[in-house]
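Q: Each chain is listed here by its residues.
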Amino acid sequence: MGEYALLYILFAPFAGALALIFISNRQPLLVRSVAASAAFVSLLASLYLFYAYDPVKGGFQFVQKYEWSKQLGISLHLGVDGIGTPLVLASSILLFAGIFVSWHIKDRAKEFYIWLLILAAATIGVFMSLDLFFLYFFYEMSVIPMYLLLGMWGSHTKKYLEMTDSEGLKLRDSVGFILNFGSNSKEYAAMKLVLFLSAFAVAALMGILLIYKYSGLNTFDILVLREQANLMNIPVLGTTLDKIIWVLVFFGFASIAPLWPLHSWSPVGHAAAPAATSMLHAGVLMKLGHFSIIRVAFEILPETTRELMPIAAVLCMFSIVYGGFVAFYAKDTKYVIGYSSSSHMGYVFLGMAALNYISLSGAVIYMFAHAMATGMLFAMAGWVYDQTHTRDIPSLGGLSNKMPFISVCFVVGCMASIGMPGTVNFIAEIMIIVGSWDKYPLQVVVAMLGIVLTLAYLFKMMRGLFYGPMNQKYSHAHDAISAVDRLPLLIMISISIGFGIFPMRLYDVVRSGVDPLVARITRVVPVAQTHEESGVRSEAVIPRTTSTVPVVASKLLPLPSQVSRGEGE
Amino acid sequence: MTFSLNFALSDLLLLLPEIFLTCWLCVVLIVDFSFPRVPKERLAYLSVAGLVVTLGCLAWFDMNHVSGTLFGNMFVLDRMAIFFKIVILGATILVILASIEYVNRFTLFRGEYYCLVVMSALGMMFMVSANDLLSVFVSLEFATLGFYVLVSYLRDDLASNEGGLKFFILGVLAAGLLAYGISLVYGETGKLVFSDMASAQPTPGLIIGFLLIFAALGFKVGAVPFHSWIPDTYHGAPTPVTTFLSIAPKAAAFAILLRIFLVALGTFKPLWVVLLVAVSILSMTYANIVAIAQRNIKRLLAYSGIAQVGNVFIGLAAGTKMGNDAILFYLLAYLFANIGAFAVVIAVSQAIGTDEIEDYRGLGRRSPFLAFAMLLFLLSLAGVPPLAGFIGKLYIFVAAIKEGLYTLIVVGLINIVISMYYYLIVVKQMYINEPIDPSPIAISGPMKTVIYVGLAGTLVIGIYPQPFTDWVVSATLMFANFIGPSVTVVLPVHSLGS
Chain F
1 MGEYALLYIL FAPFAGALAL IFISNRQPLL VRSVAASAAF VSLLASLYLF
51 YAYDPVKGGF QFVQKYEWSK QLGISLHLGV DGIGTPLVLA SSILLFAGIF
101 VSWHIKDRAK EFYIWLLILA AATIGVFMSL DLFFLYFFYE MSVIPMYLLL
151 GMWGSHTKKY LEMTDSEGLK LRDSVGFILN FGSNSKEYAA MKLVLFLSAF
201 AVAALMGILL IYKYSGLNTF DILVLREQAN LMNIPVLGTT LDKIIWVLVF
251 FGFASIAPLW PLHSWSPVGH AAAPAATSML HAGVLMKLGH FSIIRVAFEI
301 LPETTRELMP IAAVLCMFSI VYGGFVAFYA KDTKYVIGYS SSSHMGYVFL
351 GMAALNYISL SGAVIYMFAH AMATGMLFAM AGWVYDQTHT RDIPSLGGLS
401 NKMPFISVCF VVGCMASIGM PGTVNFIAEI MIIVGSWDKY PLQVVVAMLG
451 IVLTLAYLFK MMRGLFYGPM NQKYSHAHDA ISAVDRLPLL IMISISIGFG
501 IFPMRLYDVV RSGVDPLVAR ITRVVPVAQT HEESGVRSEA VIPRTTSTVP
551 VVASKLLPLP SQVSRGEGE
Chain W
570 MTFSLNFALS DLLLLLPEIF LTCWLCVVLI VDFSFPRVPK ERLAYLSVAG
620 LVVTLGCLAW FDMNHVSGTL FGNMFVLDRM AIFFKIVILG ATILVILASI
670 EYVNRFTLFR GEYYCLVVMS ALGMMFMVSA NDLLSVFVSL EFATLGFYVL
720 VSYLRDDLAS NEGGLKFFIL GVLAAGLLAY GISLVYGETG KLVFSDMASA
770 QPTPGLIIGF LLIFAALGFK VGAVPFHSWI PDTYHGAPTP VTTFLSIAPK
820 AAAFAILLRI FLVALGTFKP LWVVLLVAVS ILSMTYANIV AIAQRNIKRL
870 LAYSGIAQVG NVFIGLAAGT KMGNDAILFY LLAYLFANIG AFAVVIAVSQ
920 AIGTDEIEDY RGLGRRSPFL AFAMLLFLLS LAGVPPLAGF IGKLYIFVAA
970 IKEGLYTLIV VGLINIVISM YYYLIVVKQM YINEPIDPSP IAISGPMKTV
1020 IYVGLAGTLV IGIYPQPFTD WVVSATLMFA NFIGPSVTVV LPVHSLGS
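Quick note, the sequences are listed as chains F and W, same order.
Heads up: the first sequence begins at 1 in the numbering used here, then just goes up one per residue.
Heads up: the second sequence begins at 570 in the numbering used here, then just goes up one per residue.
Hints were generated in silico from the structure; no laboratory data involved.
No experiment lies behind these values; they were computed from the predicted model shown.
Each residue gets a CB set at the ideal place from its N, CA and C atoms; glycine is no exception.
Hints are supplied without guarantee of correctness; some may be wrong.
Distance ranges between label pairs, derived from CB positions [stated by the list, open to error]:
1. F/Ser24 - W/Ala618: 56 to 62 Å
2. F/Gln228 - W/Thr591: 53 to 59 Å
3. W/Val1029 - F/Trp437: 52 to 58 Å
4. F/Asn230 - W/Ala748: 49 to 55 Å
5. W/Ala847 - F/Pro310: 24 to 30 Å
These stretches of chain W come out as covered by chain F in the derived footprint (C-beta under 8 Å, 3 or more residues) [to be verified]:
6. 946–958
7. 975–989
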């Protein structure tokens, strides 16, 4: 197994999807167990990957390279570094959990699992691609399954059913309908998601093609491009080429992240999606954006990144505050969680913008942590929806009587999402905040405000769903009793708390990926006029990879405790 | 100029596929007349058998690198011609298999239908081998003749007759333009063979002549200012004919365009790049926007076909060897996706008797296989990985960006997003909407074969394109001699020094 771990992780879900095609929907148990076992293989292999990854050695490991097209210079080049490894793990955990969360799907279960497996495999593919072509290939491949999952198994929002259309249902296919932003149907959500993501994806593709052309190397290989491509100082259209490429790549991928002005597809998509899809969507699909920015913009254009990343630092404030406020006023459980996710992704951008070891590691750990926390919340919102067929918070209440297990898990999920000490989110948040303080104090203050907002809207939703007087209409609702229903929640909770208490492994792995990257970005002597980043450059003296572990042990551990006292969660 | 008609008998070997197919055509015709009681299905299989043998012969040619010219350079058999012949014959075989059921709708002349299809295929085989303007004219008209009849084959159907008439009138107009263009070019240069024209000077007469020829060929491929016949003809024609029309003549006309632009006009590249960029942008943008409003799947696919042609023009505008490879690859990907999509349309219309997109409601429940196949074909046309269309589009974009055609690529990329919308509207009808009549849809055996072949092609080319790229790269090797140095990059790169 060993060196082929990546292939197992990537192709097990594909193989599962392929096998499912030949199984009839009349054997629901077989369908589910095939899907579950494909996901299980993937999960086992990624656990192995996570623990077999050698953080001391660092760099890209488990590399697989197969030539795919000579003419175009494409090879299937897979490999993970410290940034990809935890995200691959998060994807396979959420896939495995998602399969159990959607265990009770009756309608076309086989097709559901096929698309879910393809979606997860495609996202996993992005996290391990070392070739720009395959990065885009898997990225774009993850979009279409979302359309079908939302459209076929999703649900309309409450408003949709009240919506009247003077010319009847037919118009719901029209362009005017798509442009009507008041609509709330799942078809609208699905179409908006696909068009939005594709539109920005092609912008990123343009950036990739420009890299390909101007590097002149006739290859899409990231490792070759980052060493050899010289894209700096080419004047184009009144600016320089590297800036154009960077902007295309950054905003192209930031749309899926979703960064503030580009976020509008995301909460709508969350709201329409079935539980397992929301989990994957919020848990890992959104991280494709950050990850691809790190992989493409940070690796290939380090100097431009240093120069232009303040854009992200500005926009992330709006993400955090806007998402938080909308989540506070939203009445729909999935909108709340959806906007909370888009708000929380602002932290990741903050961590990325600060561009130092602590904040960027914090950002990567936050991606992992957020995947678990938001996965839990969406799984439980899905459970509540399945039981009550509504997501309208004001009409729900007092469900803790009926579903004690779910409400306890929900509290844990909220705590994780807020960043309570003891969960891995806490460590990540603290690292982002501490790491960014020097460079962006204003943003850190905003991020603190965001934490308060998170507290406010999650508690509001928790009270609305589980406490207070109970609506008798929902007296038939019941708890998650069987092992199948409890398993996914328990897995995610235990990972979240487990890494919260023992974060060293995660930290080491992430740090081994972040260190060379930050060193690369801050080390390079600036070509242009810049004269103010001396503070950043001084840190660049730390040598690459080899000494990460000692640094880790001495430097990080005191951090969380020190700051947590000051902050008073 | 001398037309030397001296050739050794062994040279006729190069014509073997065409000669064999002509004989086979006669055999089919004779069988049809002599045994009127033979079920017409058997004629279909008989034609397919002949086509398969021809295909095998061409494959043997390809493997043994048989090539050469005949009749004073009028007829050329090179690897690109073989490639296109294989594509055309493959399309013909699939179309015949897909029409077996449909033919029962014709009241008369069911046997002749197959003969006409094979005859058109034969004409197109000559088209892709045409190496001078006269043989272009003759073979093009020969191929189109069959189509004039085929389009109006549903005698009692008004739409079919209307489509046939439009096709005929505009087709004849195009033929007139072509003849006039040829006469101008001949008058200016005194040459007819493409490779002799490479040294010509760009006089106004020559430019007008080539513009007229381009207009005629633009009519064949359905590029935008010359596209007006396409929607009505595609809509009215019997669906298998539409299928055939949407692939084979386009491929054949592109073979001619490649030869004209890269061999005859290779030295004028800075002049024609502008023309091709304009045509490409118009085709993609216009067709994709108009396709959004379509309610009929055949019209939707017609407009999608126009948009795809716009994409192919990007590769032609690149005007390099790589651009050529990309075009060949793209046509291969387009062949499988388009035949597959039309095969599903035929199968659905056999079952429910309509082609309206509305009536695809709930196809995912009525026939999961058809819906899934249609999904993959449409996504391949839209250019979604891991399907063939995506690689095709990417190949074309890579070829174009190497030549610095940034505007064209930006427009092409935006059009991918626009096209995604209308393809997904069909997907939405099939998968998201619930069927009104949930009865399952039966599919005949030959139709299943066609769809399976389409699926296999779409997936295999998308997932493992290496053998196919190798094939197209070796097929266009002979162009390497004609293509000059690439044009200077459009953007003011390196102007400020570094």
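Q: Now look at each hint and say whether the structure bears it out.
A: Hint check:
Checking the proposed 56 to 62 Å range against F/Ser24 and W/Ala618 shows it is violated: the Cβ atoms sit about 36 Å from each other. Between F/Gln228 and W/Thr591, the C-beta spacing of about 56 Å keeps the proposed range 53 to 59 Å intact. Checked against the hint of 52 to 58 Å, the C-beta distance between W/Val1029 and F/Trp437 comes to roughly 54 Å, which is consistent with it. Our hint of 49 to 55 Å for F/Asn230 and W/Ala748 holds, since their Cβ atoms are close to 54 Å apart.
Here the CB-CB span from W/Ala847 to F/Pro310 is close to 41 Å, at odds with the stated 24 to 30 Å. Residues of the segment 946–958 of chain W lying with their CB closer than 8 Å to a CB of chain F number 4, which satisfies the three-residue condition for coverage. Chain F is given as covering the segment 975–989 of chain W, and this holds because 7 residues of the stretch bring a CB closer than 8 Å to a CB of that chain, at least three being needed.
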